[in-house]
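There are 2 protein chains.
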Amino acid sequence: MVSPKNPLIIGMAGFGTVGSGLLRILVENKAHLFARTGREIKVKTILVRSPKKTRTFPLPEDVRLTTNPDDLINDQEIEVVVELMGGIQAPLDLIKKALNAGKHVVTANKALLAETGNKLFAIAKEKGLHLAYEASICGGIPIVETLKQGLGANKVKSLLGILNGTCNYILSEMTSKGLPFFEVLKKAQQLGYAEADPTLDIEGTDAAHKLALLIRLAWGVEYPFSDLPVRGVAEVTASDIAYAREFGYRIKLIGEAQMIDGRLEAGVFPALVHETLLLSQVSGAYNAVRIDGDAVGPVFLHGKGAGDSPTGSAVAADLLTIARGHTPDNTGFCAPPLPTPAAVIPPDEAQSHYYIRLLVLDKPGVLRDVAAVMADNNISIAQAIQKGDCDDGLCPESPTKPFVFMTHKASARGIGLALAKLEGSGFVHQKPVCYRVFTNHV
Amino acid sequence: MVSPKNPLIIGMAGFGTVGSGLLRILVENKAHLFARTGREIKVKTILVRSPKKTRTFPLPEDVRLTTNPDDLINDQEIEVVVELMGGIQAPLDLIKKALNAGKHVVTANKALLAETGNKLFAIAKEKGLHLAYEASICGGIPIVETLKQGLGANKVKSLLGILNGTCNYILSEMTSKGLPFFEVLKKAQQLGYAEADPTLDIEGTDAAHKLALLIRLAWGVEYPFSDLPVRGVAEVTASDIAYAREFGYRIKLIGEAQMIDGRLEAGVFPALVHETLLLSQVSGAYNAVRIDGDAVGPVFLHGKGAGDSPTGSAVAADLLTIARGHTPDNTGFCAPPLPTPAAVIPPDEAQSHYYIRLLVLDKPGVLRDVAAVMADNNISIAQAIQKGDCDDGLCPESPTKPFVFMTHKASARGIGLALAKLEGSGFVHQKPVCYRVFTNHV
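These protein sequence lines map, in sequence, to chains E and F. Residue numbers 5 to 446, in our numbering, belong to the letters of the first sequence in order. Residue numbers 5 to 446, in our numbering, belong to the letters of the second sequence in order.
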């Protein structure tokens with residue numbers, strides 16, 4: 005924040021959607037960025053695979069394309085390497101080399117950081133460099149900064165997020181139009197909201213990567229990524245969405261973590277969210293995170309979770325931090341310097357409200373028998389919908405009808421045992437459907 | 005973020021609600037704050053008016069109370085003065101002295117900063133010190149940091165906020181329970197949501213102070229505080245809330261600013277907010293801000309806008325920044341170093357959709373005549389509600405009935421001229437009611 009300094013010279017790796025968005029911001033908002041930091045922020049070299057490819061943002065004359073990573077690493081003028089390549093191994097190598105060459109690194113690579121971030125944080129810490137990653141969680145929402153800084157004095161009690169725009173778009177469209185999953189997925193692919201191979205998104209892996217990073221930022225601990233319970237959205241049906249609405253809920257893909265007596269419970273899964281919670285109102289490709297801090301109470305952040313400009317905005321925010329000369333605080337904690345393994349609540353022991361849909365035999369006494377199985381497993385039913393007719397194709401085997409209910413708080417294990425018992429009971433047809441529920445008392 | 009350093013020693017001025025909340029956080033989350041920063045954050049001395057008064061948070065043994073400001077200013081050990089006194093002149097003197105003595109300052113004093121902030125920012129800038137004020141806008145919501153940093157690379161197009169929890173509580177209660185303003189105000193006072201003298205809140209001044217600070221952070225310019233158009237909530241009636249709902253809107257006290265072709269339009273006023281906007285869902289004493297950035301698009305932040313712990317959380321966030329050794333960036337801009345006067349769009353020229361309620365003579369041709377007056381002033385009616393009966397006490401003079409409509413975009417001047425014409429027309433009784441409208445296309 006002192007008088008004009010040397011320009012901050014950037015080397016970019018990758019020139020796809022986000023790279024183009026970032027370059028546009030740095031070029032179009034150049035004077036604004038100078039006003040904010042007192043330094044010009046200037047891209048010198050971009051590492052690409054195909055130098056001849058046409059770009060969505062035209063390359064300024066003084067920016068050089070290269071296919072050789074060493075042109076970033078060995079350039080003494082380059083102070084920051086911005087990694088926007090995607091993938092794991094190539095960016096890992098590049099980031100290591102950049103840090104070892106004394107360059108700050110900014111990355112949007114959630115998969116890399118979630119799965120192998122700690123070794124990179126260790127190098128950055130040792131070298132006193134920034135390894136910044138605002139863009140890796142929820143695009144343009146400034147959630148990394150908020151957890152490190154704005155809410156940093158709080159012990160976080162819980163966080164709850166809609167972390168994947170593709171899944172949220174699909175569930176929103178299913179909800180507003182009553183369409184089945186695969187039909188909406190196809191439309192999302194046509195509109196560019198879903199990849200040709202949507203696996204990472206719809207299976208919940210992308211949300212899980214973001215959740216792993218959020219957990220580190222909130223608590224300074226590591227939930228072993230391969231142990232994180234993850235469930236995708238492909239199994240969500242239009243019928244469950246409709247039943248959820250009858251109870252006053254929306255079905256959302258939720259990434260969730262809470263610290264309970266020093267142990268962490270976390271997971272990614274479709275869940276019912278009460279319509280009085282702002283999270284239930286997040287529509288289309290938007291993302292949102294709700295953080296509950298011990299001092300501040302619940303804070304809710306909402307914005308675009310992907311796209312060239314929103315994600316570019318987040319990368320540029322990290323460049324501002326570096327240009328301003330702030331001290332690196334990459335993990336948000338310095339004691340211990342790196343995330344330590346979390347004490348984890350086994351997923352089976354997680355307590356929650358549940359939504360359950362059964363296809364039951366349409367004869368006297370069946371509901372009593374279902375209730376008895378639930379009671380045997382210490383599960384009490386909070387609300388139920390008994391459907392008299394079956395006009396939604398859910399009852400292929402007649403005479404059957406759906407029985408839909410919500411429980412009071414129960415453990416995942418208790419629910420699992422009760423559902424297994426019901427499945428083998430003879431009076432419940434098909435596999436029971438079961439989702440966690442976030443009530444208005446979150 | 006390096007190995008353990010000396011403690012960060014704090015002198016606090018004021019030990020009321022926020023002071024107690026802050027002290028509680030610093031004591032109860034001491035280990036957590038050390039883990040975040042590598043420094044102990046420790047209150048040494050608190051300036052109070054009445055040392056014998058009982059406090060809501062018990063004073064730790066090693067904290068000293070004083071009635072002499074010099075015990076903060078002249079103490080070489082004290083690195084940061086936290087100003088939580090309230091008022092204008094005493095804190096102004098204290099902050100000046102603290103900065104001149106080389107101490108960082110953290111304050112929650114929105115009135116002081118809005119009305120006379122620049123001279124303090126100038127001293128802080130000259131001395132290279134932090135003058136931090138996260139707690140002065142919307143309590144626990146990290147909006148200051150977000151505008152400086154997380155969205156700092158964006159040119160802000162507009163910001164729209166619910167900046168006063170007292171007003172929002174009152175309007176929310178009027179909306180959900182159909183009660184009149186003064187009845188709800190009395191209840192709010194009994195519950196402690198409104199002051200005994202609620203003038204600053206209900207007349208919109210408090211929201212205007214916050215808006216002035218937001219404008220500086222977003223654009224680095226100064227809207228002359230005394231020129232800012234401000235309208236309070238006391239005139240909002242349960243009937244207008246009910247009509248607004250019929251159109252799909254809620255009435256909220258909105259602080260609003262937008263940059264249009266380099267000129268700033270801003271104000272504080274009750275307005276209709278479309279129910280699909282998250283802002284319309286902000287209930288009770290919560291605050292929220294929606295920032296529309298050129299790159300990131302709309303970002304929405306929501307949380308508790310007041311109270312000991314949320315506001316204490318924001319003060320503590322500023323202490324984290326200082327403990328981490330970040331470079332001061334108090335105004336969020338360094339070129340120019342201080343906010344410059346804004347080029348302002350005269351309030352009369354502001355374009356908006358409007359809600360208008362008239363009490364018209366119940367006879368043929370009146371609606372045609374109203375429409376003609378509007379058309380003469382280039383205002384077109386978008387939607388109308390014609391009420392046949394009058395059961396809500398709005399029509400003391402029979403035969404009259406309410407005529408309620410919303411306009412397409414029009415200038416404030418055009419609306420003013422049309423309403424003046426209607427008022428003098430003979431077929432409109434009572435003063436017309438008129439509010440700005442934020443549609444779902446904000």
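Careful: at least some of the hints might be erroneous.
Pairwise CB distance ranges (calculated) [as the list claims (entries may be wrong)]:
#1 190(F) with 119(E): 51 to 59 Å
#2 355(F) with 65(E): 36 to 44 Å
#3 246(E) with 371(F): 22 to 30 Å
#4 280(E) with 444(F): 50 to 58 Å
#5 239(F) with 280(E): 26 to 34 Å
Calculated cross-link-like contacts (lysine-lysine; reagent style PhoX-like; alpha-carbon spacing at most 25 Å) [to be verified]:
#6 181(E) with 191(E)
#7 131(F) with 159(E)
#8 48(E) with 159(F)
#9 161(F) with 161(E)
#10 129(F) with 34(E)
#11 129(E) with 9(F)
#12 46(E) with 46(F)
#13 161(F) with 131(F)
#14 435(E) with 367(E)
#15 9(F) with 131(E)
#16 46(E) with 56(E)
#17 161(F) with 34(E)
#18 9(E) with 48(F)
#19 435(E) with 425(E)
#20 159(F) with 191(F)
#21 34(F) with 161(E)
#22 101(E) with 161(E)
#23 131(F) with 100(F)
#24 425(E) with 367(E)
#25 159(E) with 34(F)
#26 101(E) with 123(E)
#27 129(E) with 425(F)
#28 131(E) with 46(E)
#29 159(E) with 46(F)
#30 159(E) with 48(F)
#31 34(F) with 9(E)
#32 159(F) with 34(E)
#33 9(E) with 405(F)
#34 131(F) with 46(E)
Please keep in mind that the hints were generated in silico from the structure rather than gathered at the bench. Glycine included, C-beta positions come from ideal geometry on N, C-alpha and C.
Here is what the structure says about each hint:
no.	hint	in the structure
1	190(F) with 119(E): 51 to 59 Å	58 Å, holds
2	355(F) with 65(E): 36 to 44 Å	40 Å, holds
3	246(E) with 371(F): 22 to 30 Å	42 Å, violated
4	280(E) with 444(F): 50 to 58 Å	20 Å, violated
5	239(F) with 280(E): 26 to 34 Å	29 Å, holds
6	181(E) with 191(E)	12 Å, holds
7	131(F) with 159(E)	33 Å, violated
8	48(E) with 159(F)	23 Å, holds
9	161(F) with 161(E)	34 Å, violated
10	129(F) with 34(E)	23 Å, holds
11	129(E) with 9(F)	17 Å, holds
12	46(E) with 46(F)	41 Å, violated
13	161(F) with 131(F)	32 Å, violated
14	435(E) with 367(E)	19 Å, holds
15	9(F) with 131(E)	19 Å, holds
16	46(E) with 56(E)	22 Å, holds
17	161(F) with 34(E)	16 Å, holds
18	9(E) with 48(F)	38 Å, violated
19	435(E) with 425(E)	11 Å, holds
20	159(F) with 191(F)	42 Å, violated
21	34(F) with 161(E)	16 Å, holds
22	101(E) with 161(E)	37 Å, violated
23	131(F) with 100(F)	11 Å, holds
24	425(E) with 367(E)	19 Å, holds
25	159(E) with 34(F)	11 Å, holds
26	101(E) with 123(E)	13 Å, holds
27	129(E) with 425(F)	70 Å, violated
28	131(E) with 46(E)	23 Å, holds
29	159(E) with 46(F)	18 Å, holds
30	159(E) with 48(F)	23 Å, holds
31	34(F) with 9(E)	37 Å, violated
32	159(F) with 34(E)	11 Å, holds
33	9(E) with 405(F)	68 Å, violated
34	131(F) with 46(E)	29 Å, violated
Hint compliance for this structure: hints 3, 4, 7, 9, 12, 13, 18, 20, 22, 27, 31, 33, 34 are broken, all remaining hints hold.
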